[in-house]
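Residue strings, one per chain:
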Amino acid sequence: MKGQCLCGAVTVDVTPIDSELHACHCGMCRAWTSSALVGMAVSPDGMKFDGPVKSRTTSDWAARDWCDNCGSTLWYRVTIPDHEFYHVSAGLFANAGGLALTKEIFIDRKPSGYAFAGDHELKTQAEMEAIFAAMGDDV
Amino acid sequence: MAEKRYTGSCLCGAVTVTGVVDKPIIRACHCEMCRRHTSSMFMSLETVPGSQTVEGPAKEYESSDWANRGFCEECGSTLWYAMKNGAWRNLAAGLFENAADSSLKLEFFTDMCPQGYALSGGHQKMTTQETIAMFTGAGDQE
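Residue numbers (this note's numbering), protein chains in the order written: chain A, 1 to 139; chain B, 1 to 142.
No wet-lab data here; the hints were simulated from the structure.
Some hints here could point you the wrong way.
Unchecked claim - Here are the simulated EDC-like pairs of lysine to aspartate or glutamate, each with C-alpha atoms no more than 16 Å apart in a straight line:
id, chain 1, residue 1, chain 2, residue 2
1, A, 54, B, 74
2, B, 59, A, 50
3, B, 4, B, 73
4, A, 54, B, 73
Put together the whole structure using the sequences plus the hints.
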């Protein structure tokens, strides 16, 4: 599935691991994207990209990357050894790649003034931190 | 609602912004450019004209003949959508804790929203045609 950022300088070619979109409402994703990071899970094997990608390590377990030219949100990347995966911006693809939202995480951090429609699997901050802690313990 | 000045910042904290809110309104834009820039939609906060302050390493990308999109050079956070002529600048709602206690009141380009998700609520929704007509009309009046 091919996509690109707003200015076209960064191009991606990904094979998502499934047909799901997940939205993250954590404080970092909210500040980063204006609302929530909506994306799809992609393993390192399924990920190809090219262009001026700029990166920032944003926690002990992850980094966030964007287009240095236009500032487009590109992906969130888990950096824990043996658990690496990408959460690639749905916005890079026409019609969000035809995928559908199934899960919202850090739901208790979502601002009260808006919400996605529909019933999705929901995870709180505490539930997500437990998941990341367990990944780290495996190392 | 009484006027209140809110302070926000990007993900890394290098860019700080403030703005006075008198109408706690969020607008969401689903246009292709906003969608590619933000991963889904650009949510912006209504602030009192002339009340904004911005400090830090903000960079602008000229995304059309009339508008710029701001982002933090250090972390890539989406900062604003602004008219190149300086007429107005809409700050990203996400820069503020709890989106500055504001609520979604309007969606632009709703027919451009991907089929896989939607925002809930009975707020006003404008199609591409309606959105363009509104902005064109506003331009004619100025």
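Can the restraint linking residue 4 of chain B and residue 73 of chain B be considered satisfied, given a maximum Cα separation of 16 Å? violated (28 Å)
Verify the proposed pairing of residue 59 of chain B with residue 50 of chain A, using a straight-line Cα cut of 16 Å. Status violated; Cα separation ~22 Å.
Are the Cα positions of residue 54 of chain A and residue 74 of chain B separated by 16 Å at most? Between residue 54 of chain A and residue 74 of chain B the Cα gap is close to 9 Å, so the pair holds against 16 Å.
Restraint check for residue 54 of chain A with residue 73 of chain B, where alpha carbons must lie at most 16 Å apart: holds (9 Å)
When held up to the earlier numbered hints, the structure conflicts with 2, 3 and fits the remainder.
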